[in-house]
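Please put together the full structure from these sequences, using the hints given.
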Amino acid sequence: MTNGVAIIDSGGANIASLELAMERLGVPAELTTDPEKLRAASHVILPGVGAAADCMGRLQKAGLVETIRGLKQPVLGICVGMQLLFDSSEEGDVQCLGLLPGRVRRLPDRDNLPVPHMGWNQLEFNGKTSLLNDIRPGDYVYFVHSYAAPVSELTLATTQYGDPFAAVVRRGNVYGAQFHPERSARIGAQLLRNFVQL
Amino acid sequence: MVVGDILELATRYRDEGADELVFYDITASPDGRSVDRSWVSRVARILDIPFCVAGGIRSVEDAEEVLGEGAEKVSINSPALADPDLISRLNARFGAQCVVVGIDSQTVEGAYHVYQFTGDPSRTRNTARLTLDWVREVQERGAGEIVLNCMASDGVRKGYDIEQLRAVRNLCRVPLIASGGAGAPEHFEAVFADARVDGALAASVFHTGAIAIPDLKQYLRGRAIEIRP
Chain A
1 MTNGVAIIDS GGANIASLEL AMERLGVPAE LTTDPEKLRA ASHVILPGVG
51 AAADCMGRLQ KAGLVETIRG LKQPVLGICV GMQLLFDSSE EGDVQCLGLL
101 PGRVRRLPDR DNLPVPHMGW NQLEFNGKTS LLNDIRPGDY VYFVHSYAAP
151 VSELTLATTQ YGDPFAAVVR RGNVYGAQFH PERSARIGAQ LLRNFVQL
Chain F
199 MVVGDILELA TRYRDEGADE LVFYDITASP DGRSVDRSWV SRVARILDIP
249 FCVAGGIRSV EDAEEVLGEG AEKVSINSPA LADPDLISRL NARFGAQCVV
299 VGIDSQTVEG AYHVYQFTGD PSRTRNTARL TLDWVREVQE RGAGEIVLNC
349 MASDGVRKGY DIEQLRAVRN LCRVPLIASG GAGAPEHFEA VFADARVDGA
399 LAASVFHTGA IAIPDLKQYL RGRAIEIRP
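Listed in order, the protein sequences are those of chains A and F. Yeah, the first sequence ends on 198 if you go by the numbering used here, and it's all consecutive. Yeah, the second sequence ends on 427 if you go by the numbering used here, and it's all consecutive.
Honestly, the hints are just simulated from the structure, not real lab data. Just so you know, not all the hints are guaranteed correct.
[Unchecked claim] DEER-style ranges, computed between Cβ atoms: (1) Thr325/F - Asn112/A: 40 to 50 Å; (2) Gln160/A - Gly266/F: 48 to 58 Å; (3) Ser236/F - Gly4/A: 28 to 38 Å; (4) Glu424/F - Arg186/A: 48 to 58 Å; (5) Gly57/A - Ala408/F: 28 to 38 Å; (6) Pro164/A - Ala422/F: 46 to 56 Å; (7) Ala408/F - Lys37/A: 46 to 56 Å; (8) Gly26/A - Thr209/F: 39 to 49 Å.
The beta-carbon is built from N, C-alpha and C at its ideal position, and this holds for glycine as well.
Laid out in structure tokens, this is it:
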């Protein structure tokens, strides 16, 4: 199934949760900023919490931007890690990795909906992908975010919060989940399991 | 509570479908002592749902330790009153989503007042801050969530303080969690439907088994309250 999952040490606060989630799945995962290890891994996860500009800054400082852009194996961006996959983010007006087209924008401030969007919300499906095997429309997952990617032809699942936003995206080997699979109970564990089986 | 009991309870609530757990060390702040946090990573290992640690977080370093062990959020209450800038510092370092501010509030002469050091009855005091002002201020300083504990309802099991929660909801633009007063499934329904809170927190009714979480969720879904099954 895997010769080792690499988790990019992007410095966010959710990395411990993610490592423990992989441990619960029984999948060896190594936290690293070493470009060689990233290239050699069977799967790469890019977690992210905090501001997009800070996260991008850390990747730049670690000299990882070109490495990540060149990865050929399955890559999964989680939360801000997913947002970084796009061209740019409105948060801090920052250029991102450009692996997916589009700009990440702040969630709309309307309908009295609190921002950050923090809590459990439902997935609606837009397309098919083995990343969503055994996950069903209407299933609940855990979100914590103030910015989101727009729905596009790359969107495989959406979630409604004021407007629909992209909850799961894919282009080629590059996948993203706006929610936190490491804290989304059974559904989240299933997504991580699906990912390492890609 | 000893660590073994914490882990057992965490496992039980995870399996019963709790959406989030909050671990309170309510004695941590008044004593001025720091907490033994070795249990946090053990809880993080077990839980696949978000959890928050409250009590004894007085600095960015305290928060860093707890978040680094795998907690999603820290909740600060008395230390935020003593040092309101702590909210801003935590926000700058970790982002709003990690920063929960707990507020203990009760009515004094017709106005809601914030109380401090509620973990120790001998030190509990009225801060003279008005709850609604404090709710505004903590948001300006970067709180990402507010837990409002209505002290008069707390432990009485006669229902949440809907009126007070409504007043806070009207000026709370971040997620608002109701605390204090849950005694029956109807109380949860009322607080979601009438006070439009984002979450309802309860302790004793779950600990004692008076309300089983799966039954409660089924009840709420039957009343058209959107909640994870």
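field: Unmet hints by their number, sorted upward, for this structure
entry: Of the numbered hints, 1, 2, 4, 5, 6 and 8 do not hold.
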